[in-house]
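**Student:** Could you slot chain B onto chain A? The hints should help.
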Amino acid sequence: MTDKEKFFNSGVLTEERPGAVLPPQDLWESKKNGLVIIECPQRIPCNPCHTSCPTGAVLPFDDINDTPRIDYSKCTGCAMCVAKCPGLACLVVDLTYGGPDEALMKLPYEILPVPEKGEDVACMNRTGQEICRGKVVNVTEPWKDRTLVVHVVVPRDKVQDVRTIKVGRVAKKKEDDMVICRCEEVTLGEIREWIHKGYDTFDELKRVLRVGMGPCQGRGCREIILREVSKITGTPYALIPQGTIRPPVKPVKLGALAKGGDK
Amino acid sequence: MNLIEKHPILEFQRGRKVQFFFDGQEMEGFEGEPIAAALHANGVRIYRVTPEMKRPRGFFCAIGKCSSCFMVVDGVPNVRTCVTALTEGMRVETQTGKGLVPPVGA
Chain A
644 MTDKEKFFNS
654 GVLTEERPGA
664 VLPPQDLWES
674 KKNGLVIIEC
684 PQRIPCNPCH
694 TSCPTGAVLP
704 FDDINDTPRI
714 DYSKCTGCAM
724 CVAKCPGLAC
734 LVVDLTYGGP
744 DEALMKLPYE
754 ILPVPEKGED
764 VACMNRTGQE
774 ICRGKVVNVT
784 EPWKDRTLVV
794 HVVVPRDKVQ
804 DVRTIKVGRV
814 AKKKEDDMVI
824 CRCEEVTLGE
834 IREWIHKGYD
844 TFDELKRVLR
854 VGMGPCQGRG
864 CREIILREVS
874 KITGTPYALI
884 PQGTIRPPVK
894 PVKLGALAKG
904 GDK
Chain B
12 MNLIEKHPIL
22 EFQRGRKVQF
32 FFDGQEMEGF
42 EGEPIAAALH
52 ANGVRIYRVT
62 PEMKRPRGFF
72 CAIGKCSSCF
82 MVVDGVPNVR
92 TCVTALTEGM
102 RVETQTGKGL
112 VPPVGA
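As they're listed, the protein sequences go chains A and B.
Using the working numbering, you'd call the opening residue of the first sequence number 644 and step up by one each time.
Using the working numbering, you'd call the opening residue of the second sequence number 12 and step up by one each time.
Do not rely on the hints blindly, as some may be mistaken.
[Claimed, not checked] Counterexamples of contact, computed for chain B against chain A with all Cβ distances above 12 Å:
| id | residue |
| --- | --- |
| 1 | ILE15 |
| 2 | ARG25 |
| 3 | PHE33 |
| 4 | MET38 |
| 5 | PRO62 |
| 6 | GLU63 |
| 7 | GLY100 |
| 8 | ARG102 |
[Claimed, not checked] Below are the DSS-like pairs computed for lysine-lysine, each with C-alpha atoms no more than 27 Å apart in a straight line:
| id | chain 1 | residue 1 | chain 2 | residue 2 |
| --- | --- | --- | --- | --- |
| 9 | A | LYS727 | B | LYS17 |
| 10 | A | LYS675 | A | LYS801 |
| 11 | A | LYS840 | A | LYS760 |
| 12 | B | LYS76 | A | LYS893 |
| 13 | A | LYS893 | B | LYS109 |
| 14 | A | LYS675 | A | LYS778 |
| 15 | B | LYS76 | A | LYS817 |
| 16 | A | LYS896 | A | LYS801 |
| 17 | B | LYS17 | B | LYS65 |
| 18 | A | LYS809 | A | LYS647 |
| 19 | B | LYS65 | A | LYS896 |
| 20 | B | LYS76 | B | LYS65 |
| 21 | A | LYS778 | B | LYS28 |
| 22 | B | LYS76 | B | LYS17 |
| 23 | A | LYS647 | A | LYS840 |
| 24 | A | LYS817 | A | LYS840 |
| 25 | A | LYS896 | B | LYS109 |
| 26 | A | LYS893 | B | LYS65 |
| 27 | A | LYS874 | B | LYS76 |
| 28 | A | LYS801 | A | LYS649 |
| 29 | A | LYS801 | A | LYS760 |
| 30 | A | LYS647 | A | LYS675 |
| 31 | A | LYS675 | A | LYS727 |
| 32 | A | LYS809 | B | LYS109 |
| 33 | A | LYS760 | B | LYS17 |
| 34 | B | LYS109 | A | LYS902 |
| 35 | B | LYS76 | A | LYS896 |
| 36 | A | LYS817 | B | LYS65 |
| 37 | B | LYS28 | A | LYS902 |
| 38 | A | LYS801 | A | LYS647 |
| 39 | B | LYS17 | B | LYS28 |
| 40 | B | LYS109 | A | LYS787 |
It is worth saying that the hints were derived from the structure and are not from the lab.
Yeah, the Cβ is synthetic: ideal placement off N, Cα and C, and Gly gets one too.
Excised from the complex, chain A in its bound form (with noise of 0.2 Å):
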C-alpha cells in the first residue's frame, strides 16, 4: 500500500477523488476572484455548499448523500460557502491575485485570535504541519454569523497543501513523549512501540499497556489510537475494530448502582 492511501485511509486527503476534485487549470489560472475547491470526499448528509450557493455553481443534490459537483463557468469565488460549510471543507484559490508566483486563498476561520490585515501568519497544511508563512489581507464575514473567511497571500505553489492558517507560534513537544491516554498515562511512543511490534488492535493494546482502562474508558485516547493504528499499519480507519465497550460507559456512582434510580 503506498503512504497516499495509508494517510487516505487515516482521514487526509491526498489526491483528487469524487468530492474533491480541482479545477481546470485553464479557468483557474484566468479566472479573477478564483475559483472554490471543496474537499468532501466522504458521502454526508450535508448540501449547505449547494443551498448557499448564489449562482448555482454548487449543483443540486439528488441524493443529500452525494458528494459535491461543481460547475466552475458559474463559480465567482464569493466565498459564501466557505463561511457556510460546516464542515470547512470549502476554500476559494485565485491565482490571478498578485505576482506570478502568489496566489490568495479564501480560508474559513472560527479561532481567536482574529488575524488582522496586514499580518504575517503561519500557513499550515492538511495534516497541520507549518509549510510556508502567508499575508493576511482581508478578513470577512459573509454571513454575519461570526464565521470568519480570511484572505491570504501565499506562495503559488502552495496552494494545492495550504489549507489553514495559525496567527502567532505555539511551543512544539516532542511527540513520542505525548502522554495519550490520559488516564492510564501512556506515551505515543509506547503505543507506537507497541503497535509496531504487532499489537495493531484496540483490545490487544489494551492488555499490554492499560489504554483505556482509566475513568474515561477510551474516551479520550480511543480515536488518536486507532488513527496510529491505520498510519501505521494501512489498513483503513473505519475498517480496525474499535475494541470491546464495557457498561458502564461513564462514571456511575456504586451507591446509584445499588439504590436503583436514574442518576
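**Tutor:** Showing chain B alone in chain A's frame:
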C-alpha cells in the same frame, strides 16, 4: 475574575454570584456553572495530580468525557468538576492520586 467575555460563536448566560472554597480559600463563582469553570475564572489551573507520573491536570475535554478534572468535592473524590454545577458554600479540593472514598454513611 478572569472570564471570556467575547467569543466568536457563543453567548453567555450566568447565574447569581455565590461563594465557594478551593482548598480552604474563599472564591466567587456563578451558581449553576461548572465547578471547573468557576475555578478557571479564579485563576486555578491545576485540579488534580495524576497517580503514576504525578503530573498536574486541569481542564481538558470540559464535557465530562475525559476525567481530567476529577476533584474532591464536599469530601467526595473523583467528581467530574466540568459537568458538576457549582452551589453556594461548596468545598472543592485538589485531588492527589486516585482519591479516598469516604466511609459509608459519611
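**Student:** Each hint should be assessed against the structure and marked as holding or not.
**Tutor:** Hints and how they fare:
Remark: the non-interface label on ILE15 of chain B conflicts with the geometry, its nearest Cβ contact in chain A lying 9 Å away (cut-off 12 Å). The beta carbon of ARG25 of chain B is kept farther than 12 Å from every beta carbon of chain A, the shortest such distance being approximately 20 Å. In this structure PHE33 of chain B is separated from chain A by more than 12 Å, as the shortest Cβ-Cβ distance comes to about 22 Å. The claim that MET38 of chain B lies off the interface holds: its Cβ sits roughly 25 Å from the closest Cβ of chain A, which is beyond the 12 Å cut-off.
Not every beta carbon of chain A lies more than 12 Å from that of PRO62 of chain B, the smallest distance being close to 8 Å; the non-interface claim is violated. Distance check on GLU63 of chain B: its Cβ comes as close as 5 Å (rounded) to a Cβ of chain A, failing to clear the 12 Å threshold; non-interface status is violated. Every beta carbon of chain A lies more than 12 Å from that of GLY100 of chain B, the smallest distance being close to 21 Å; the non-interface claim holds. ARG102 of chain B, annotated as away from the interface, keeps every beta carbon of chain A farther than 12 Å; the closest lies near 18 Å.
For the given pair, LYS727 of chain A sits about 22 Å from LYS17 of chain B by alpha-carbon distance, which is consistent with the 27 Å threshold. Proximity of LYS675 of chain A to LYS801 of chain A is assessed by CA-CA distance (about 19 Å); at most 27 Å being required, the pair is judged to hold. A C-alpha spacing of about 50 Å is found between LYS840 of chain A and LYS760 of chain A, which places the hinted pair above 27 Å, so the restraint is violated. Our distance criterion of 27 Å between C-alpha atoms is met by LYS76 of chain B and LYS893 of chain A, whose separation comes to about 8 Å.
Proposed proximity of LYS893 of chain A and LYS109 of chain B is supported: the alpha carbons are some 17 Å apart, at most 27 Å. Taking the CA atoms of LYS675 of chain A and LYS778 of chain A, the gap is about 19 Å. The hint holds against a cut of 27 Å. For the hint pairing LYS76 of chain B with LYS817 of chain A, the CA-to-CA distance comes to about 26 Å; that is within 27 Å, so the pair holds. Of the pairs offered as hints, the one joining LYS896 of chain A and LYS801 of chain A is violated, with about 53 Å between alpha carbons and a cut-off of 27 Å exceeded.
For the given pair, LYS17 of chain B sits about 35 Å from LYS65 of chain B by alpha-carbon distance, which is inconsistent with the 27 Å threshold. For the given pair, LYS809 of chain A sits about 25 Å from LYS647 of chain A by alpha-carbon distance, which is consistent with the 27 Å threshold. Simply put, LYS65 of chain B and LYS896 of chain A have alpha-carbon atoms about 25 Å apart, close enough for the 27 Å limit, and the pair holds. This hinted pair checks out: LYS76 of chain B and LYS65 of chain B have alpha carbons roughly 21 Å apart, not beyond 27 Å.
Of the pairs offered as hints, the one joining LYS778 of chain A and LYS28 of chain B is violated, with about 44 Å between alpha carbons and a cut-off of 27 Å exceeded. Among the hinted pairs, LYS76 of chain B with LYS17 of chain B is consistent with the structure: their alpha-carbon atoms are about 26 Å apart, no more than 27 Å. Restraint check: the Cα-Cα separation between LYS647 of chain A and LYS840 of chain A comes to about 23 Å, which is no more than 27 Å; the hinted pair holds. A distance of roughly 22 Å separates the Cα atoms of LYS817 of chain A and LYS840 of chain A; the hinted pair therefore holds under the 27 Å criterion.
For the hint linking LYS896 of chain A to LYS109 of chain B, the alpha-carbon distance of about 15 Å falls within 27 Å, and the restraint holds. With a CA separation close to 24 Å, the supplied pair LYS893 of chain A and LYS65 of chain B stays within the 27 Å bound. Distance hint between LYS874 of chain A and LYS76 of chain B is fulfilled; the C-alpha atoms sit about 25 Å from each other, no more than 27 Å. At most 27 Å may separate the alpha-carbon atoms for a hinted pair to count; LYS801 of chain A and LYS649 of chain A meet this at roughly 22 Å.
With a C-alpha separation of about 21 Å, the suggested pair LYS801 of chain A and LYS760 of chain A falls inside the 27 Å cut-off, and the hint holds. Our distance criterion of 27 Å between C-alpha atoms is broken by LYS647 of chain A and LYS675 of chain A, whose separation comes to about 32 Å. Under the criterion of a C-alpha separation no larger than 27 Å, the hint pairing LYS675 of chain A with LYS727 of chain A is consistent with the structure, at around 22 Å. Distance check on the hinted pair: LYS809 of chain A and LYS109 of chain B sit about 38 Å apart at the alpha-carbon level, beyond 27 Å; violated.
A C-alpha spacing of about 20 Å is found between LYS760 of chain A and LYS17 of chain B, which places the hinted pair at or below 27 Å, so the restraint holds. Pair hint LYS109 of chain B plus LYS902 of chain A holds up; C-alpha atoms about 24 Å apart against a cutoff of 27 Å. A C-alpha spacing of about 16 Å is found between LYS76 of chain B and LYS896 of chain A, which places the hinted pair at or below 27 Å, so the restraint holds. Using a Cα cut-off of 27 Å, the hinted pair LYS817 of chain A and LYS65 of chain B holds, with the two alpha carbons roughly 19 Å apart.
As the CA atoms of LYS28 of chain B and LYS902 of chain A are separated by approximately 34 Å, the hinted pair breaks the 27 Å bound. Straight-line distance between C-alpha atoms of LYS801 of chain A and LYS647 of chain A comes to about 18 Å, which keeps the hinted pair within the 27 Å bound. Our distance criterion of 27 Å between C-alpha atoms is met by LYS17 of chain B and LYS28 of chain B, whose separation comes to about 20 Å. For the hint linking LYS109 of chain B to LYS787 of chain A, the alpha-carbon distance of about 47 Å lies beyond 27 Å, and the restraint is violated.
Figure legend: structure checked against the earlier numbered hints; hints not met, in rising order: 1, 5, 6, 11, 16, 17, 21, 30, 32, 37, 40.
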